[in-house]
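**Q** Each chain is listed here by its residues.
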Amino acid sequence: MNLAIDLMQAFLLIAVAPLVSGVVARCKARVQNRRGASLWRPYAELLKLFCKEDLVPDTASALFRFAPAILFAATVTAAAFIPVLHPAALFGVSGDIIFLVYLLAIGRFFLMLGAMDGGSSFGGMGASREALVSALAEAPLLLALISVAILTHTVSVSGIVTTTLQQNPFHLSAVYAFALGALVLVALAEAGRIPVDNPATHLELTMIHEAMVLEYSGPSLALIEWASAIKLTLIMALLIGLFAPWGMATNASITVLLFAPLLFFFKLVVLAATIAIIECSMAKLRMYLVPDFLGMASALAILAVSFTALMR
Amino acid sequence: MGLIELAAAKALASSAVFLFITLLMMAAAKRISTCIVLFSLQSAIMASEILSMAWVGKSAEAYAVAALVIVVKVVAIPCALFRIIKDLKASQDVASSTTGVQSVFIMAALILLSFFAVAPYAVTLRLDEDMLAAAVALLLAGAFLMVSRKKALMQVIGLLVLENGIFVAALTTTYGMPLVIEIGIFFDLLMGVFLMGLFVFRIRDTFEHLDVSKLRRLRG
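Protein chains in written order, with the working numbering: chain W, 1 to 312; chain E, 1 to 220.
Each hint should be verified, as a subset may be incorrect.
Here are some chain E residues pointing at chain W (derived, C-beta under 8 Å) [unchecked claim]:
no.: 1; residue: Ala28
no.: 2; residue: Trp55
no.: 3; residue: Val101
no.: 4; residue: Leu113
no.: 5; residue: Asp130
no.: 6; residue: Lys150
Calculated pairs, SDA-like style, for lysine to any residue (alpha carbon to alpha carbon, straight line, at most 20 Å) [claimed, not checked]:
no.: 7; chain 1: E; residue 1: Lys10; chain 2: W; residue 2: His171
no.: 8; chain 1: E; residue 1: Lys30; chain 2: W; residue 2: Pro291
no.: 9; chain 1: E; residue 1: Lys30; chain 2: W; residue 2: Ile278
Don't read these hints as lab results, they were simulated from the structure.
These numbers were taken from a predicted model, which means no experiment stands behind them.
The beta-carbon is built from N, C-alpha and C at its ideal position, and this holds for glycine as well.
Go ahead and model the full structure; you've got the sequences and the hints to work with.
**A** And the structure:
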């Protein structure tokens with residue numbers, strides 16, 4: 001039974017990911033007073049791309065072909081570490097918060113290699129920018145996760161979620177507020193959302209993700225787009241799991257099992273609306289201001305870790 | 001335990017953290033109007049703390065003080081400051097001499113410093129360490145804002161933050177001062193803000209800017 005739920009929640013994260021980016025796009029359109037595209041458009045786009053021919057530049061080596069598959073595989077594996085419906089995950093070992101961070105890093109590393117292998121100057125530019133952003137985002141991400149791990153005395157994602165779930169929401173430690181602040185800033189950078197990168201346009205000289213995938217087409221592009229949608233959903237699910245896990249199924253009764261996915265979708269939609277509001281109310285930062293943005297996340301994360309010792 | 005008691009206890013226990021968060025956001029803020037909104041929020045957090053103290057201690061004076069805080073610090077002073085900004089027609093930039101990330105790191109260091117500064121007293125006086133640290137952090141943060149921001153209006157806001165620190169310190173150590181003294185302090189503060197507003201206008205009219213780092217010579 002538990003294995004079935006584990007499999008189901010990992011599958012759910014992967015299958016629902018394009019819908020989540022559809023919801024974010026729709027919320028954004030609503031905030032900007034537009035009607036917006038259908039919620040299912042990302043699925044149609046993926047289907048269209050999967051039916052198309054895969055064009056590879058003459059200068060590219062085999063790496064260019066493999067990179068999207070490795071990115072997709074790493075992201076899907078990372079998704080299997082996230083507790084969604086109940087406080088356990090398909091894979092879960094002691095210390096997997098660190099493994100999770102570096103699984104995402106592996107995917108990103110191969111995407112950068114593929115972008116540079118494509119041979120266009122945009123690819124190299126995007127890859128160098130992505131390297132800068134990810135190097136700066138790594139420290140606050142790890143520190144914020146570790147501060148929560150120190151509080152809950154466990155270093156696995158499912159362990160942290162289990163411990164948080166047992167606490168009364170009113171009795172949460174203050175450290176959670178700082179860790180949440182740091183993780184939200186990092187999440188915006190990791191998922192390539194607006195203050196750091198604009199996912200909606202090819203036309204800006206400051207683009208990061210779009211510059212890297214410019215040479216990709218067909219099924220490869222579909223894999224990359226799907227992987228980045230999964231990454232966004234995964235980060236949102238991680239935030240939900242760490243900071244608002246209440247409502248997850250703690251036993252295997254039918255009502256609880258029906259209730260847990262509904263509540264999870266509700267939380268996802270709330271988060272998506274929050275992202276949409278942030279994206280509509282902020283301007284994209286200049287590239288040179290991104291280190292400032294992530295530096296603030298680092299300051300928050302350092303405070304979170306110090307407060308595990310200072311405050312109770 | 002009723003919901004109100006629970007909320008009051010939670011407000012008492014976690015107001016220090018919310019005060020720290022407003023301080024960090026003030027350090028990151030790039031516009032004067034954001035700082036004013038944050039100051040108003042900070043005062044609202046203090047007001048909620050006094051309200052919960054009043055609820056727990058069943059004291060009518062504390063309710064009066066909370067009402068004063070809400071009227072003067074949450075509404076009146078921010079409105080006056082917004083009015084000054086509107087009439088000044090100057091740019092909104094805080095003109096910080098440190099970059100955003102430097103300010104946030106300095107603010108984080110000040111918060112940590114305040115914890116170490118109050119640790120000996122909190123043990124001997126048996127006080128709530130978090131709130132005492134929040135008071136010291138507000139004092140330090142107000143001073144830091146006054147030193148590092150070049151706009152004349154930010155000196156006013158820094159001073160107000162500093163005053164909030166003194167208020168929180170009084171609240172934690174002696175559970176607030178007598179009502180008469182509180183009223184006197186609030187009246188002083190209101191007058192102070194009006195006077196400083198006048199000064200800001202004089203600075204603007206005489207020097208045609210608000211940058212205090214350029215005020216080096218006397219001018220008639």
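**Q** So, for every hint listed, does it hold in this structure?
**A** Quick rundown of the hints versus the structure:
1. Ala28: With a closest approach of 6 Å, the E/Ala28 hint holds.
2. Trp55: violated (16 Å)
3. Val101: Holds, because the Cβ-Cβ distance from E/Val101 to chain W comes to roughly 3 Å (cut-off 8 Å).
4. Leu113: With a minimum Cβ separation of about 11 Å from chain W (threshold 8 Å), the hint on E/Leu113 is violated.
5. Asp130: holds (6 Å)
6. Lys150: violated (19 Å)
7. E/Lys10 - W/His171: The hint holds at about 8 Å.
8. E/Lys30 - W/Pro291: holds (16 Å)
9. E/Lys30 - W/Ile278: Cα-Cα ~17 Å, so holds.
Hints 2, 4, 6 from the list above are not met by this structure, while the remaining hints are.
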